[in-house]
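Line by line, the protein sequences are chains P and G. According to numbering that gives the first Met the number 0, numbering within the first sequence proceeds without interruption in unit steps and concludes at 359. According to numbering that gives the first Met the number 0, numbering within the second sequence proceeds without interruption in unit steps and concludes at 298.
The set of hints was computed from the structure by calculation and includes no laboratory data. Do not rely on the hints blindly, as some may be mistaken.
Under the rule of at most 20 Å between Cα atoms (straight-line distance), these lysine to aspartate or glutamate pairs were calculated in the EDC-like manner [what the hints assert, rightly or not]:
1. K73/G / E261/G
2. K71/P / D11/P
3. K191/G / D55/P
4. K122/G / D55/P
5. K209/P / E160/P
6. K191/G / E160/P
7. K2/P / D203/P
8. K191/G / D152/P
9. K131/P / E188/G
10. K191/G / E72/P
11. K191/G / E75/P
12. K209/P / E72/P
13. K18/P / D210/P
14. K246/P / D265/P
15. K64/P / D194/P
16. K191/G / D265/P
Pair ranges (Cβ atoms, derived) [unchecked claim]:
17. Q140/G / P89/P: 32 to 38 Å
18. V205/G / A167/P: 37 to 43 Å
19. G40/P / F200/G: 44 to 50 Å
20. Y266/P / F200/G: 56 to 62 Å
21. P186/G / L62/P: 55 to 61 Å
22. G15/P / F136/G: 25 to 31 Å
23. G15/P / P210/G: 31 to 37 Å
24. V288/G / E6/P: 51 to 57 Å
25. P307/P / V205/G: 36 to 42 Å
26. P210/G / P109/P: 25 to 31 Å
27. Q60/P / F136/G: 46 to 52 Å
28. G123/G / Q60/P: 42 to 48 Å
29. G123/G / P89/P: 28 to 34 Å
30. R21/G / G138/P: 30 to 36 Å
Since we're looking at a predicted model, the values are computed, not measured. Backbone N, C-alpha and C define an ideal beta-carbon position, used for all residues, glycine too.
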Amino acid sequence: MTKNSVEIRNLDLSFGAVKVLQNLDLDIHDGEFLVLLGSSGCGKSTLLNCIAGLLDVTGGQILIKGDNVTWKEPNERGIGMVFQSYALYPQMTVRGNLSFGLKNARMPKPEIAERVKRASEILQIEPLLDRKPGALSGGQRQRVAIGRALVRDVDVFLFDEPLSNLDAKLRADLRVELKRLHEQLDNTMIYVTHDQVEAMTLADRIAIMKDGKIMQLDSPAEIYNRPRNLYVAGFIGSPAMNFIEGKIAGNSFAAGGLIVPVEGYDYLSGGVHDGAAVLGVRPEHVLTDDMLPSADMTTQVLADLVEPMGADTLVWTKLEGHPFRFRMDGQAHVKSGDEVTIGFNLSRISLFDPKTEDRL
Amino acid sequence: MTETATLTGPTGPRPKKALSPRNIMLYGTLIVVSLYYLLPLYVMIVTSLKGMPEIRLGNIFSPPVEITFQPWVKAWAEACTGINCDGLSRGFWNSVRILIPSVIVSVSIASVTGYVLSMWRFKGSEIFFAILLLGAFIPYQVLLYPVVIVLRELGLYGSLTGLVVVHTIFGMPINVLLFRNYFVTLPDELFKAARVDGAGFWRIFVFIILPMSLPIFVVSMIIQVTGIWNDFLFGVVYTRPENYPMTVQLNNIVNSVQGVQEYNVNMAATLLTGLVPLTVYFFSGKLFVRGIAAGAVKG
Chain P
0 MTKNSVEIRN
10 LDLSFGAVKV
20 LQNLDLDIHD
30 GEFLVLLGSS
40 GCGKSTLLNC
50 IAGLLDVTGG
60 QILIKGDNVT
70 WKEPNERGIG
80 MVFQSYALYP
90 QMTVRGNLSF
100 GLKNARMPKP
110 EIAERVKRAS
120 EILQIEPLLD
130 RKPGALSGGQ
140 RQRVAIGRAL
150 VRDVDVFLFD
160 EPLSNLDAKL
170 RADLRVELKR
180 LHEQLDNTMI
190 YVTHDQVEAM
200 TLADRIAIMK
210 DGKIMQLDSP
220 AEIYNRPRNL
230 YVAGFIGSPA
240 MNFIEGKIAG
250 NSFAAGGLIV
260 PVEGYDYLSG
270 GVHDGAAVLG
280 VRPEHVLTDD
290 MLPSADMTTQ
300 VLADLVEPMG
310 ADTLVWTKLE
320 GHPFRFRMDG
330 QAHVKSGDEV
340 TIGFNLSRIS
350 LFDPKTEDRL
Chain G
0 MTETATLTGP
10 TGPRPKKALS
20 PRNIMLYGTL
30 IVVSLYYLLP
40 LYVMIVTSLK
50 GMPEIRLGNI
60 FSPPVEITFQ
70 PWVKAWAEAC
80 TGINCDGLSR
90 GFWNSVRILI
100 PSVIVSVSIA
110 SVTGYVLSMW
120 RFKGSEIFFA
130 ILLLGAFIPY
140 QVLLYPVVIV
150 LRELGLYGSL
160 TGLVVVHTIF
170 GMPINVLLFR
180 NYFVTLPDEL
190 FKAARVDGAG
200 FWRIFVFIIL
210 PMSLPIFVVS
220 MIIQVTGIWN
230 DFLFGVVYTR
240 PENYPMTVQL
250 NNIVNSVQGV
260 QEYNVNMAAT
270 LLTGLVPLTV
280 YFFSGKLFVR
290 GIAAGAVKG
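Chain P on its own, in the form it takes in the complex:
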């Protein structure tokens, strides 16, 4: 059985009349890489600040390693935090930045030196130790910021959008490094981001948040393949999932002239469903050309607009009055006005209840 590293119980947080977090429960396992994902204003950074102790909660409890830390100061919680702007102390050298927290804890000098040495070896920043943050590049600063959490030998690392200030290439490099670091250290890491690629690649589990609530907490694969509700389905994946409103009657989903057989669809609640429904298909799960033989059903559409992207081609079209996008091979020869045969695979579609917006 995995032990929980961080437990959040009934957490409430409001600023005056504005309720940012409501009745939030979350268990984070020991050594887990958990990503809090959501658009801005969903409360993900607020939640992280609550865990760090930088915000006083309005209600509920926070436990770290089984210890109730709800009323404790940030430095007493066994956490280290990495900020989006790095937040390095500009007037101190890298060595000063790394040792500031240890000096505050009145640690003996030889041990401070030892820990700074070890952290700088892990992060490969030894040559930079006597420089000021102003003389470092973005990636180096980020590494120092991680080092500042590392030297304190904490149980839980908190990351607040740490890669958002970097350019695309560096972001990809540091993402891989972070993942490697997690495997090497085996600490619990809680990572806030609005970038779904970071979330998908780094996370053991992703918590998708909206309006202060967790919409789904699952592994990246589960969230991608079996989104629990319309919000998650539309949020994850780029380009976004196509939605078509219709009705399920018997064993098929019908919207206008489009009939999709849903016999054997893996209903979340078990059993079968009748009545209004929303069909969701990811653009990359629409079958074309060579793949058509494996489709459970096919239909004809007219290509409105074609966006060649090199590796693949995105085709915009309309299906029963709904805008519909699908992805074809990069070498496909399609131009606007062409008629294209597309197919769906039953195991790759999602059905939602239009009223509750939950997965069927």
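Please arrange chain G on chain P, whose structure you already have, making use of the hints.
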């Protein structure tokens, strides 16, 4: 084979004309204005270096025929105010004894107050700040007499300590505003990072905030040094003659109605009194502008 491309028409940077109408206007205005401001200073300096017979000739713009430093010596060490005949030196040392504690105490208190109001906000801190700011708009004349009573009750009336207290309190609104507005521009995450690192109220202030705030400290000190040094009203109201600051003493020398008006001594005394603020501006002008710009932007 080398091939040189020949480019015709305008190439490279456009030539700049030194004597364009724009430059003539600009520098012409600047020169006229600076002459206008420098002329009185010139008159003061030459007059202070002349003897009285030469001054009586009435050529105030002509340079001294015979340079004498006697007026400066007299202004500093011999001029009489009331019964004291030890010149401005007494006032100078009084002013120094008022200035140093006032500046240190007021800048320290204002910076910590600004730090609290920007980073450790408490319930009602905004209202506290608003009330403090209101203080900047109350005319001094209204407070003059109430402060006399307060100082008398505290047993500080007439002493240098009393004047230091008055200067410290009256410097609060503007200086707290200055510090608070500067501190709110510092990144919030820095403060959070320091808290995660276990630094408390004073450690964050001393090790993180102070090293980043040199310009605003310089600005605050300049405002306080010049303000307190140039103060006349509080000095004349709240102290006794033996404690009068330099400005009050200068007034007593220049405005004395007895005996002959010694213009050269008056000029020397005025220049001596103005020397401190003048030096301050001279050496810190750049930092001053930087700090004012930094402190003024955010509200």
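Here is how each hint holds up against the structure:
1. K73/G / E261/G: Holds, at roughly 10 Å.
2. K71/P / D11/P: holds (17 Å)
3. K191/G / D55/P: holds (13 Å)
4. K122/G / D55/P: Holds - the C-alpha atoms of D55/P and K122/G are around 14 Å apart, at most 20 Å.
5. K209/P / E160/P: holds (17 Å)
6. K191/G / E160/P: The hint holds at about 15 Å.
7. K2/P / D203/P: It holds: about 15 Å lies between the C-alpha atoms, which stays within 20 Å.
8. K191/G / D152/P: holds (19 Å)
9. K131/P / E188/G: Within the cut-off at roughly 18 Å; holds.
10. K191/G / E72/P: Judged against 20 Å, a Cα distance of about 12 Å means the pair holds.
11. K191/G / E75/P: holds (14 Å)
12. K209/P / E72/P: The hint is violated at about 28 Å.
13. K18/P / D210/P: holds (9 Å)
14. K246/P / D265/P: holds (17 Å)
15. K64/P / D194/P: Cα-Cα ~28 Å, so violated.
16. K191/G / D265/P: violated (47 Å)
17. Q140/G / P89/P: 32 to 38 Å: The hinted range 32 to 38 Å is violated for Q140/G and P89/P, with Cβ atoms some 45 Å apart.
18. V205/G / A167/P: 37 to 43 Å: holds (40 Å)
19. G40/P / F200/G: 44 to 50 Å: Violated: the Cβ-Cβ distance is about 31 Å, outside 44 to 50 Å.
20. Y266/P / F200/G: 56 to 62 Å: holds (58 Å)
21. P186/G / L62/P: 55 to 61 Å: Given about 30 Å between the Cβ atoms, the range is violated.
22. G15/P / F136/G: 25 to 31 Å: holds (30 Å)
23. G15/P / P210/G: 31 to 37 Å: The hint (31 to 37 Å, Cβ to Cβ) holds, given that G15/P and P210/G are roughly 35 Å apart.
24. V288/G / E6/P: 51 to 57 Å: holds (54 Å)
25. P307/P / V205/G: 36 to 42 Å: At 60 Å between Cβs, range violated.
26. P210/G / P109/P: 25 to 31 Å: holds (26 Å)
27. Q60/P / F136/G: 46 to 52 Å: holds (48 Å)
28. G123/G / Q60/P: 42 to 48 Å: violated (29 Å)
29. G123/G / P89/P: 28 to 34 Å: Roughly 32 Å apart at Cβ, these two residues keep to the hinted range, so it holds.
30. R21/G / G138/P: 30 to 36 Å: With a Cβ separation near 47 Å, R21/G and G138/P fall outside 30 to 36 Å, so the hint is violated.
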